[in-house]
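Participant: Top to bottom, those sequences are chains A and B. With this note's numbering, the residue at position 293 of the first sequence is 293, and numbering never jumps. With this note's numbering, the residue at position 451 of the second sequence is 451, and numbering never jumps.
No wet-lab data here; the hints were simulated from the structure. A few of these clues could be false.
Claimed, not checked - Partial pick of chain A residues on the chain B-facing surface, computed with a CB cut under 8 Å:
no.	residue
1	C89
2	R106
3	V110
4	T125
5	Q383
Said to hold, decoys possible - Away from chain A, derived, C-beta distances all over 10 Å, residues of chain B:
no.	residue
6	N63
7	S76
8	R96
9	E104
10	T198
11	G345
12	G389
13	K419
Virtual Cβ for every residue (Gly too), placed ideally from N, Cα, C.
If you want the building blocks of each chain, they are given just below.
There are 2 protein chains.
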Amino acid sequence: MAKEITPRSENYSEWYLDIVQKARLADNSPVRGCMVIKPHGFAIWEKMRDALDAMFKETGHVNAYFPLFIPKSFLSKEAKHVDGFAQECAVVTHYRLKTVGEGENRQVVVDPEAKLEEELIVRPTSETIIWNTYRDWIQSYRDLPLLINQWANVVRWEMRTRPFLRTAEFLWQEGHTAHASADEAMIETRQMLDVYATFAEEFMAMPVIKGVKTANERFAGAEETFCIEALMQDGKALQAGTSHFLGQNFAKAFDVYFLNKDNQQEHVWATSWGVSTRLVGGLIMTHSDDSGLVLPPKLAPIQVVIIPIPKPSPELSEVADKIALSLRKRGISVKIDNDDQNRPGFKFAEYELIGVPVRLGLGARDIAANQVEVARRDTKEKQSVSLDGIDEYVEKLLEDIQQNLFNRAKQYRDEHITKVDTWAEFEDVLENKGGFASAHWDGTTETELAIKEKTKATIRCIPLDGELEDGVCILSGQPSTRRVLFAKAY
Amino acid sequence: MAKEITPRSENYSEWYLDIVQKARLADNSPVRGCMVIKPHGFAIWEKMRDALDAMFKETGHVNAYFPLFIPKSFLSKEAKHVDGFAQECAVVTHYRLKTVGEGENRQVVVDPEAKLEEELIVRPTSETIIWNTYRDWIQSYRDLPLLINQWANVVRWEMRTRPFLRTAEFLWQEGHTAHASADEAMIETRQMLDVYATFAEEFMAMPVIKGVKTANERFAGAEETFCIEALMQDGKALQAGTSHFLGQNFAKAFDVYFLNKDNQQEHVWATSWGVSTRLVGGLIMTHSDDSGLVLPPKLAPIQVVIIPIPKPSPELSEVADKIALSLRKRGISVKIDNDDQNRPGFKFAEYELIGVPVRLGLGARDIAANQVEVARRDTKEKQSVSLDGIDEYVEKLLEDIQQNLFNRAKQYRDEHITKVDTWAEFEDVLENKGGFASAHWDGTTETELAIKEKTKATIRCIPLDGELEDGVCILSGQPSTRRVLFAKAY
């Protein structure tokens with residue numbers, strides 16, 4: 001432990017990088033903008049993936065896998081239907097390496113003779129290759145809906161990267177569904193938004209606001225983009241997931257028709273929706289503190305650690321094993337730390353750092369008193385608890401921690417949604433308080449961009465549960481019928 | 001169902017492609033050599049992955065994720081330590097697309113200004129990038145062993161591809177472990193070979209022979225390559241998994257040292273091991289028949305289908321639901337086919353095609369007689385079974401099918417290992433009977449290559465359980481101390 005964790009109050013951005021490094025979540029890699037997800041970080045992602053995957057399957061989706069590469073011509077097809085197409089992406093142009101030189105001077109070079117006729121793009125998202133495939137899979141309304149999800153890596157050549165939050169390569173899931181009507185596609189789009197919101201709140205303990213993106217913030221191929229927006233501890237917003245109603249755009253670009261019940265050929269209706277390893281960044285920034293990572297129990301790879309005090313012994317191990325067994329029977333993941341090199345204080349700090357929700361400290365005196373010291377990571381409170389019924393106590397405590405983290409985050413989030421009615425109030429919130437500014441906007445992209453230019457704040461969303469309310473735009477003074485949420489964002 | 005499945009006896013290769021297509025396992029894609037894994041094929045792979053992942057975790061491994069891209073210079077480092085380095089792989093040279101033209105004439109082109117300083121290779125395997133990372137993770141013997149696995153996509157620019165068996169992009173897992181001694185690394189290498197063999201036999205019901213590769217067939221970076229070899233129904237062998245003892249080769253190429261217990265700097269010892277979506281091809285070719293896919297119950301996404309006869313009705317549904325519930329309580333996956341468009345005969349053929357191990361046909365007369373018709377996919381036997389205790393009956397039947405598939409495949413495999421002592425016998429086995437020829441070989445690469453040149457057969461492995469036996473090489477007549485297994489292979 002060379003360097004301490006930078007306190008959040010001092011430098012939030014440094015604090016974040018310190019947590020990522022010291023909690024052993026990810027490492028930089030020699031490839032620009034690509035990270036190595038370390039075992040602890042990956043175990044958290046696995047728990048997220050498994051929970052989401054189960055929710056997708058419960059809602060009737062199946063998984064499939066499409067190629068990593070997209071022929072360049074597919075993007076030309078998309079570009080014709082999409083304004084503002086531009087892509088920072090990885091382009092494959094050759095398919096062979098060869099060696100030149102011998103021994104220590106041997107070098108690997110790209111074989112200039114092995115040039116591809118058509119360049120391939122490493123998928124930044126898979127709409128094009130998937131809709132090209134759906135053309136063969138869909139003939140009639142009886143083939144619909146097609147409800148497919150893919151877990152995959154994607155690449156976007158981002159210039160400024162930050163572990164989990166923005167990386168050139170990231171892991172994600174992308175749902176791509178096909179429907180016989182606009183209504184059905186819209187219901188699917190909204191259903192998956194709800195799935196994301198439920199996951200964020202119930203598993204990540206991260207409150208989110210469901211909303212619609214403005215035309216300017218919409219996914220280029222979409223007719224409507226829905227999103228969940230969360231608030232980080234530094235008052236910046238994080239887009240945590242998006243669900244797109246794609247209309248017939250991709251069906252038109254890739255000639256995907258179906259025979260409807262009236263025996264007419266019609267373009268198929270589409271949705272797509274995705275969340276990524278960015279959620280791990282959101283998880284860190286929602287709950288963690290200056291001592292390290294704080295994890296909601298439902299996503300903690302180790303939920304309970306038992307530490308023999310001052311060090312492992314046969315007597316302590318026997319009791320520890322018994323406790324662990326009773327906890328595991330309740331589906332709780334437990335680690336017994338039987339390392340005999342490090343002292344309890346060092347271990348306590350370590351498990352705080354990596355975010356284990358509950359720590360049991362077990363000494364000879366505890367056993368004599370038929371009790372154990374229980375420490376919770378979220379509040380750092382410690383308490384002696386009877387060994388009788390310890391399993392039930394811990395199970396309940398894990399639920400409490402899960403709920404407490406959500407409540408804490410929700411309180412912070414709610415306190416940081418500020419209604420503003422003037423430009424001065426708006427600037428004040430963005431500069432001093434942080435969080436969401438709920439303000440009237442005249443509905444034009446021009447004003448939206450002018451506000452971004454002046455303040456760096458963007459419209460995070462038009463909340464779905466927002467009410468109609470007459471007002472005037474904070475910048476232009478033009479009339480407005482509803483408030484939207486502005487914030488600086490990751 | 002336009003075209004029937006080509007019978008195996010007529011054209012095994014066509015039969016295989018028909019099964020892949022008609023059982024809806026995979027599709028070709030517009031990207032050369034890359035396939036689309038369809039939902040049914042992917043569900044099988046998911047079951048394989050989950051079973052393997054659990055076995056890796058039980059043996060102390062954790063998952064992590066490393067970048068998709070490898071800097072070209074890393075392969076130069078490897079090439080210096082590896083003879084015969086050559087790589088058909090995807091090379092990324094640029095990082096941006098731009099559009100030219102407008103509207104219908106808009107085209108996407110590679111931006112020539114966005115050329116990478118150093119080309120990136122899409123990983124064909126990850127030893128180099130992982131060992132470059134391990135240099136930072138390993139300082140002393142206390143950091144060892146490092147037992148990491150990665151589930152990932154990899155790309156090898158294969159010229160001749162075939163769904164699952166050989167594709168340009170494929171999914172796999174790659175274990176990369178680091179150890180403080182050669183002994184420990186060798187124990188790990190052998191342990192993972194055993195894990196693969198257990199998985200192949202107990203889950204895939206595919207008998208395998210464990211063996212060592214010859215120097216010529218060894219992974220270029222390895223000191224010893226172990227493999228499991230299976231036999232397909234056409235008498236050709238399939239390498240189903242490999243486990244490599246890498247010695248200190250990658251530690252030397254990437255300067256990875258550890259401080260040993262004697263306070264000396266020493267290069268780290270390594271293993272790597274992998275299996276891929278190729279296993280799905282092996283699964284198909286081990287069990288399936290001219291009616292379609294045959295799946296071992298442990299890997300079947302749907303284990304039991306219940307078909308109301310002649311079509312769904314409230315009475316039939318009630319009983320079907322009750323049966324399904326009792327089966328699900330035993331952890332059995334069940335589908336009730338409530339489609340009312342197709343007739344039972346059509347449905348029977350469909351479920352045979354996609355390999356559902358057990359089919360229950362439920363009609364009004366069955367219910368009156370308190371029974372159900374049970375059909376097993378492996379033997380196609382049908383039997384009326386009492387509804388009392390049907391759950392227990394089916395559970396037992398699934399176990400029987402799993403065992404029967406293994407026994408059947410093992411019998412075929414054992415009958416196709418033929419001891420040969422002369423060149424004439426050797427050629428006869430390869431040309432007429434197929435399978436493995438167990439023969440003496442003089443141990444030289446020269447002879448190995450000459451045999452391959454003459455017969456297309458390769459040495460699949462030197463079996464681990466082979467006995468020492470004096471003999472003479474079938475080609476050179478030189479002395480030999482043990483038999484090796486030759487076969488034509490996928």
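Participant: Run every hint past the structure and note whether it holds.
Facilitator: Results of checking the hints against the structure:
{"no.": "1", "hint": "C89", "verdict": "holds, 6 Å"}
{"no.": "2", "hint": "R106", "verdict": "holds, 5 Å"}
{"no.": "3", "hint": "V110", "verdict": "holds, 5 Å"}
{"no.": "4", "hint": "T125", "verdict": "violated, 14 Å"}
{"no.": "5", "hint": "Q383", "verdict": "violated, 32 Å"}
{"no.": "6", "hint": "N63", "verdict": "violated, 5 Å"}
{"no.": "7", "hint": "S76", "verdict": "violated, 4 Å"}
{"no.": "8", "hint": "R96", "verdict": "violated, 5 Å"}
{"no.": "9", "hint": "E104", "verdict": "violated, 6 Å"}
{"no.": "10", "hint": "T198", "verdict": "holds, 23 Å"}
{"no.": "11", "hint": "G345", "verdict": "holds, 19 Å"}
{"no.": "12", "hint": "G389", "verdict": "holds, 29 Å"}
{"no.": "13", "hint": "K419", "verdict": "holds, 42 Å"}
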